[in-house]
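On the provided structure of chain A, position chain B as indicated by the hints.
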Amino acid sequence: MRNLFHKKDLPFELFEVDILSATDEELQKVSDEAGLALNTDEMQRIQAYFKSEGRNPTDVELQSLGQAWSEHCCYKSSKVFLKEYLVSIESDDVIDRGDAGVVEFDEDHAYAIRIESHNHPSAVEPYGGAATGIGGIIRDVLCMGAQPIALIDPLHFGPLDLRYRDLPRGVKHPRYLMGGVVAGIRDYGNRLGIPTVSGAVLFDEGYIGNCIINVGCVGIAKKKNLARNRVKTESDVFILVGGRTGRDGIHGVTFASVELTEDMEEEWRGGAVQLGDPILKEPLIHACLEVAERGLLNGMKDLGGGGLSCVVGEMALAGGFGAEVDLEKVPLKEEGLASWEVWVSESQERMMLAVDPENVDKVLHIFKLYDVLATPIGKVIKDKIVRVKYQGEVVLELDLDFLTAGPEYCRPFVTEFEPMKEKETALDEPEDYERVILGVLSSQNVSSKEWVIRQYDHEIRASTILKPLQGRIGLACHGDAAVMKPLEHSNRSLAITTATTPQYTAINPYLGGMSVMDEMCRNLVAVGGRPHSFSNCLNFGNPEKPDRLGAFRETVRGIGEMASELGLPVPSGNVSFYNETSFAPVKPTPVILGIGIVEDFMRCVTSDFKKEGSLIYLIGETKKEMGGSEYYRLRSAFSPAVPAVDVNVLKKSMNAVLSSIDDGLVRACHDISHGGLAVAISEMCLGGNMGATADLSAIGGLRFDYKLFSESNTRWLMEVDPEHEKDMLSKFDGLSAHRIGEVSGNSVSFSDDGMRIELSLEDVRKAWTNTLYELMGGMA
Amino acid sequence: MRIEDVRICILYIEGTNCEEESYWCFKRLGAKPEKVHLKQLIGMDTYDNEKRDLLDYDIVMIPGGFSSGDYVRAGAILGARVKSSLEAELVKFGKEGRPMLGICNGFQVLVEIGLLPSFDGFMSPVPQAVLATNDSARFECRPSLLKHENRGNCVFTRKLPRGDVIVNPVAHAEGKFVFPKDREEEMLKKMEELDMIVFRYVDPEGEYAGYFWNPNGSLDNIAGMCNSEGNIFGMMPHPERVFYGYQHPDWTREKSREEGDGRVIFESVLDYVTKKF
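So the protein lines, in turn, are chains A and B. Just add 46 to the spot in the first sequence (first one is 1) and you have my numbering. Just add 186 to the spot in the second sequence (first one is 1) and you have my numbering.
Okay, chain A solo, but in the shape it has when bound (with noise of 0.2 Å):
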């Protein structure tokens, strides 16, 4: 085949490409050998374009449009599901969707949340992956001019104890990636001083050879010192801050646009992965805010997928404007680098700043002091093209409405699912129920998470009020959410959370999206917290086979329907595709960070147990739903039948819980999900060390294993003082609220029509404590 790279005769490498004579296999060829995983039809509107322009594109040219095209970029195969189900969902307390969503949190102040996937890097790279996931999605929430005060990391790997022989070609053990991964968001986050306060970490076959991590940052604002993600006048002068450019990163985009294969990572080690540093992140975050503080800022974009590349056209065009560049000006890490590399690279710790020429200096001076490069790299022009030169040289002149018109798709897709159509297994009433309770407790899914919990900083800033971990000292359990306050002198918080249902997703993708909104709505509610929007990251296999983009487009439905009869906006979101390999796609995972309104966070609860004697009382209504619950999966059984949500009960029960967490009524509360009711009111023993009695026969119905193991959504458990009980049940007027227990003895025990089981706490809490510590090494 010929060869249409033609190298021009500058003093720098710069190529022509010559596509406007090139026949549709030869331009497929170009978008493969210049790495733009772009396919033909796309490469063809590219083609038309330049006959048009009656020229050849530049490689630099070639490469913007591959970034800028890319799924990662312009979301070409999900906008037409996002734009019908979740972007239409209108709140007032929206202030912004920009790289983060920009929401009201009271007169003055606004906070920013945003979760995205750092999958594809994890995957090949997994300390530098996830540490760069961190820094990235901390630029996402910096960029609006917020100061970022919580990370979020809900984590999804293959069982720790696959066996080695079980461990397809070219794929890393899930216990080399879980360390990495841990490592990383551990090294980068604590060193940058913001805390790790929400997760959830779990372990499924399906993610053996694509694991998913997602990270997710809150911050806080001033309303005045609020940035947009744009240029402001026709005079702005860009401002690159931050970090020099280099090699790292290059084609980071277009690499998580496609699926993963055996040998990726030779091809991409070279350079996909980027380099975090969080030790210039640190005080770039300081300087970014201080010049938005001051009031010398007219915009504020982070360098991310695309590198410069994206930055540039997209503040522009938010301005109404177009951009010139002079590349040579970039800082570089190294010498030699191609002028498309510069432009596309996706190095990290990088900022763009707008600011008028008259505040450059100020500018430059505030990031001095902090020891940040701060270099003036282009300015604004009134056409809306974007134009970029090297030496003198054009290397790149494209119109912008050209550039950022990414192609959209409805590829097709298919709504039935054969898992949907499979039939319930029938399965025997377990003979040792001690055994199957203390076997579900101290599953990888269900047991401690300390090991990971204890090694982010999760109360650096000293605002984690609520932390991930609730007790008593030394014998604290899982919370269902943490509450931060953001402000010095005002007690209104916000309680911040993690939702993933990909065990349900996998077998009824419109039930699973449902039950993530549920789970989250479940958590905030359960330490007091109104829910008040959320940000999603979508994770799926590849859209162009239409049972994953079916299968993406109901779980979309799913949160879409509950996020709007609840009033939740979505001001932000990511979607993942392209999660799988050769052999497997992984389970579909819709994963939710949510943010809900303390009003006063001295009334929030925790999920330990607090006084012998209180009773225990059971809300919502448990169903034989056993479809991808733990038990089921430590069974090998299986049902389609999925947890199902009444969005109505849910508002209602949500408006009572948070009314008697409010009045004062509840000591403890705990929402009910993975492992059941068994594991919940175990937790919140080993949080209280204390003891517990439950009857579970006021659950009419069902067989004692469902009652104790079934994962129905809607469902808490509440501690309340006897005194208060009265008052507590006016509230559940038509809902189920049913007392089952007391809190008691040294002891958790259950009881069914005259069948009883009852284990030791030092048992149950030896159960569940040690897996992951016995697994990923060290003391527990």
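All clues stand as given, with none of them false.
Computed Cβ-Cβ distance ranges for the label pairs, DEER-style:
1) E444/B with K408/A: 41 to 49 Å
2) K812/A with R348/B: 33 to 41 Å
3) E804/A with V364/B: 41 to 49 Å
4) M648/A with R348/B: 28 to 36 Å
5) Y257/B with L410/A: 21 to 29 Å
6) E658/A with E445/B: 23 to 31 Å
7) E379/B with D207/A: 47 to 55 Å
Quick list of in silico lysine-lysine cross-link-like pairs, DSSO-like style, CA-CA up to 27 Å:
8) K441/B with K777/A
9) K225/B with K278/B
10) K225/B with K414/A
11) K221/B with K408/A
12) K221/B with K270/A
13) K213/B with K269/A
14) K268/A with K414/A
15) K414/A with K269/B
16) K225/B with K408/A
17) K268/A with K218/B
18) K218/A with K591/A
19) K213/B with K268/A
20) K237/B with K408/A
21) K268/A with K221/B
To give an idea of the interface, some chain B residues facing chain A are shown, with a C-beta separation under 7 Å as derived from the structure:
22) E200
23) G201
24) N203
25) E207
26) F252
27) R324
28) C327
29) R328
30) P329
31) A357
32) Y432
33) P435
34) D436
Keep in mind the hints are simulated off the structure, nothing from the lab. Cβ coordinates follow ideal geometry from the N, Cα and C atoms, glycine included.
Structure of chain B alone, referenced to chain A:
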């Protein structure tokens, strides 16, 4: 002097990251804290109105974090930068009895500078001890219980009765206080004699215990210490994170407590300064 005139220099560089909550501890008690970048004290890259003189302050605090990334060794880089540019001012400051506080990374810095502990003169030319990697080889973020064992020498704990146990969180990977093995016994003895030991890690019964009550494996359970004059104090746990009762990890079990266990450190030193100067 009056409390509202007490000026506190909260020193930071890149990677210092507990300056904000440290600032508020002094501010809430009515004093005058200021976050000061090292370059403001050295006069580098600063306008005149940004320059600061260390000797204009009454208390110096080096807060927690990962100064300069803690590459090389925790606190080593900031320690070297401070010592090379500010040694004379630092010695004068300390010899006048003005208090210096190092928390977590700040403690590591004071050890690296040779201020804690120093047995031969005010500042040892080389560090006498080291805060080494935790026994667990992991970063540990957890509540710890500290027993106050100082006999009155330390100006940062004079308002805390001897023998009291307080809750302070730790959050570090390098907090294991150790001496060279061959001089361990002799140095510990000196520390006892000179009343340099301030806090020891204990369990809920107030007894010395192993991991995780002692979160790092520190020699003799040492969590915090002062110099022989009592005006320079360093500790690994974070009192600035428990200024209020609601910052305690188990506060929802006992909502009535208003004051956090870390507050007494800041109250004590402000009380000392207002009385002495």
